[in-house]
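Chains as they are written, first to last, in the working numbering: chain A, 1 to 293; chain B, 1 to 462.
Rather than coming from a laboratory, the hints here were simulated on the basis of the structure. Just so you know, even glycine gets a beta-carbon here, dropped at the ideal spot from N, CA and C. Any given hint could turn out to be false.
[Stated by the list, open to error] Here are the simulated DMTMM-like cross-link-like pairs (lysine to aspartate or glutamate), alpha carbons at most 25 Å apart as the crow flies: (1) A/Lys-236 / B/Asp-416; (2) B/Lys-183 / B/Glu-197; (3) B/Lys-101 / B/Glu-61; (4) B/Lys-452 / A/Asp-54; (5) B/Lys-452 / A/Asp-131; (6) A/Lys-43 / B/Asp-53; (7) B/Lys-340 / B/Asp-179; (8) B/Lys-283 / A/Glu-42; (9) A/Lys-236 / B/Glu-197; (10) B/Lys-453 / A/Asp-131; (11) B/Lys-101 / B/Glu-396; (12) A/Lys-43 / B/Asp-159; (13) B/Lys-340 / B/Asp-149; (14) B/Lys-459 / A/Glu-42; (15) A/Lys-141 / B/Asp-51; (16) A/Lys-141 / A/Asp-131; (17) B/Lys-452 / B/Glu-424; (18) A/Lys-43 / B/Glu-79; (19) B/Lys-322 / B/Glu-357; (20) A/Lys-236 / B/Asp-53.
[What the hints assert, rightly or not] Derived coverage of chain A by chain B (criterion: at least 3 residues anywhere in the stretch with Cβ under 8 Å from a Cβ of chain B; other residues may be distant): (21) 36-47; (22) 190-198; (23) 233-246.
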Amino acid sequence: MSRLLARPRSAGPLFIAPFMVLFLLLFLAPLGYAAYLSLFQEKLVGGTSFVGLDNYLAAVKDPQLREGVVRVATFFVIQVPVMLLLALLFALALDSGLLRLAKVIRLGIFVPYAVPSVVATLMWGYLYGPDFGPFAQLSDKLSLPAPHFLTDSWMLGSLANIVTWEFVGYNMIILYAALRTIPTELYEAAALDGAGSWRIAWSIKIPALRPALTLTLLFSVIGSFQLFNEPSLLMKIVPDVIDSSYTANLYAYTLAFTSQQINYAAAVSFLLGLVIVVISYAFLLTANRRRPA
Amino acid sequence: MPRIPASPAALSRRLLLTAAGAASLGAALTACGGGGSDSGSSSSKPVSQADIDKAMTTPTELTFWTWVPEIAAEIALFEKKYPAIKVKAVNAGQGTPEYTKLRTALKAGSGAPDLVQIEFQAIPTFTITDSLLDLRPYGASALKSQFVDWTWSQVSGSDGEVWAIPQDTGPMGMLYRQDIFDKHGIEVPETWDEFAEAARKLHKADPDVYLTNLAANQVAAWHGLLWQAGSKPYVTSGKSDITISVDDAVSKKLGAFWGALAQEGVIGVEPDFTDSWYAALNKGKYATWIVGAWGPAFLSGSAKDTAGKWRAAPMPQWDAAKPSAGNWGGSTTAVIRSTKNPIAAAEFAKFLNSDPESAKLFATKQFFFPATKALLADASFSGATPAFYGGQKVNEVFAGISAQVDPSFQWPPFLDQVATDWTETVGLSLARKTDTVAALASWQTRITTFAKKQGFTVKAAT
């Protein structure tokens, strides 16, 4: 092994150079520039001035930002366990080999991920409609009160449903791929020891999935805290439920493009990024500590 | 054991990179930095005819952001007259989406067009950032007498600048369902008091029907109602002084009136231009639509099921003896200050909207409601009898309304903020059936706070 790794030293930097150039130009440079912008304040009257960390201090105290972060955190707590549990069940079912038409089912669960989230949200927005949506029409036919998918108390759940529909297939594929890599000898050994399907799933498959589950969880943290498309589209249908600072990302967008406070928006974005880093890292540490050595 | 994700170290590195992507918005904003360079001249010295002739015979391509459908027909007229000039029309979105893109391009210092379509109410939002070219040196003042007075004052700056050329307008009237009115014995209301009575009567007679829908997300309609009521919510003087009075006596009268109707549940308050709203218009949930003069053509395209049942009337009045009107919508053509071809661009803006053939084409092809006096008086325009309105001379009704629009109404230099704040205060109170007059006070506070933060000197309403 070690001899294979001993390659001429000069080749390495050359191989990563294309990546590094793009990484610097398209990622670090804009990020650095945004950080630079976040230290200024531009006014419609009076122009631009350097304000140091004032934007950050204001953002920390900003109740609208805090509400947005708390809301996406709540969303995360509701939505992610449901989505990952479903993804896990689907992956286990597909892997069990007991399903007929497994390929068709796998594709069917995955297809929503291929639908752009804008299209998905418009579609669900129509389905949720309180007057002319199919659910409302159905309950009208049955003389039941129409479901209030788009009201204050239901909105997070309705959003969670859209996001789950979109991403359960994606997470299922990750978990399913992980399951396929488990050596079949383990199953044979377990079968010889008298373990049934449930026992195999519980004692072999799920423990083996821990790293993949950690990965999906991390993606979900990032996705949840950056929630934007779905609320921003539903806002047009129910402006009295979803306001311009409903999620933290939506708030940053509003600040930049409605309020013309680009500098403050940059500071808010960085703070949100920080929150995501901290939470993700906390999850990672917890997952690694529990991981059997 | 499976090894889907690599080592924890690699995972956390990847995590940091991905998490940093949370700041991607910040990254997107980099396009918005940079200083705007003013290449346009700000002197008001008139451009000589020789310069104009030279510019109009030099091969030039102008980029024009507009959301007017099939505008190629009008552009062709211009290109026929000035074969050296080519105009490239780009649809960068309608209204706010276009303004957002425009603002980004202006901040980036590149990618802005030579000309834009811009609504009347958005002009001050772009003059505060010095983004529009004063068209006086290019002979725009000479067009003043051709346009309806209030449209010209809408495009004029406080120092007499001409910021844009009016294209179409939206003096507000009331479209109503004759069949629903007849069925329930409702007369066309001439005052707002009669309107409120009719709203209660109609909803009582048929709980599935509402007299109208005041969309809780439509600040433009609210501004039109304020306009009619004689309010002066925003008065700017110079570049840094603004008087904000969105909760003065007139506004409160309006807030109390509509707030009460919303609380009683006798009008609808759902957001407009949504699937549900279109369906409601088609199914007769609302018996009127209070809307700008572009409404009749729009409605006949989007509520086809109800053809022949609609009629038009002026809006109800606060004082029937002194009828007045507000405006909702309509737009203009403005030249962006950073253009390299100010003369050709200004000539195009003027031609597009004032050339008799081009202006008429807007009225007949796109069904725009005109901004020129000549067209409003044109018998072939005002005499049209669309079957959707049972053969009523709808244009004539709205031409009469246009003459009643107050020319002194002004817009704030930060319209997007005002609109968002309205939806989250006044609009919210309508939707939630809470105190609309109290919501006006929070609207006032939010705009005032924003204006101060942006460096304006905010004067108290008097």
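Verification of the supplied hints:
{"no.": "1", "hint": "A/Lys-236 / B/Asp-416", "in the structure": "15 Å, holds"}
{"no.": "2", "hint": "B/Lys-183 / B/Glu-197", "in the structure": "16 Å, holds"}
{"no.": "3", "hint": "B/Lys-101 / B/Glu-61", "in the structure": "21 Å, holds"}
{"no.": "4", "hint": "B/Lys-452 / A/Asp-54", "in the structure": "17 Å, holds"}
{"no.": "5", "hint": "B/Lys-452 / A/Asp-131", "in the structure": "42 Å, violated"}
{"no.": "6", "hint": "A/Lys-43 / B/Asp-53", "in the structure": "41 Å, violated"}
{"no.": "7", "hint": "B/Lys-340 / B/Asp-179", "in the structure": "56 Å, violated"}
{"no.": "8", "hint": "B/Lys-283 / A/Glu-42", "in the structure": "49 Å, violated"}
{"no.": "9", "hint": "A/Lys-236 / B/Glu-197", "in the structure": "31 Å, violated"}
{"no.": "10", "hint": "B/Lys-453 / A/Asp-131", "in the structure": "41 Å, violated"}
{"no.": "11", "hint": "B/Lys-101 / B/Glu-396", "in the structure": "37 Å, violated"}
{"no.": "12", "hint": "A/Lys-43 / B/Asp-159", "in the structure": "23 Å, holds"}
{"no.": "13", "hint": "B/Lys-340 / B/Asp-149", "in the structure": "31 Å, violated"}
{"no.": "14", "hint": "B/Lys-459 / A/Glu-42", "in the structure": "22 Å, holds"}
{"no.": "15", "hint": "A/Lys-141 / B/Asp-51", "in the structure": "72 Å, violated"}
{"no.": "16", "hint": "A/Lys-141 / A/Asp-131", "in the structure": "12 Å, holds"}
{"no.": "17", "hint": "B/Lys-452 / B/Glu-424", "in the structure": "19 Å, holds"}
{"no.": "18", "hint": "A/Lys-43 / B/Glu-79", "in the structure": "41 Å, violated"}
{"no.": "19", "hint": "B/Lys-322 / B/Glu-357", "in the structure": "36 Å, violated"}
{"no.": "20", "hint": "A/Lys-236 / B/Asp-53", "in the structure": "48 Å, violated"}
{"no.": "21", "hint": "36-47", "in the structure": "holds (count 6)"}
{"no.": "22", "hint": "190-198", "in the structure": "violated (count 0)"}
{"no.": "23", "hint": "233-246", "in the structure": "holds (count 7)"}
The structure does not agree with the numbered hints 5, 6, 7, 8, 9, 10, 11, 13, 15, 18, 19, 20 and 22 stated previously, though it agrees with the rest.
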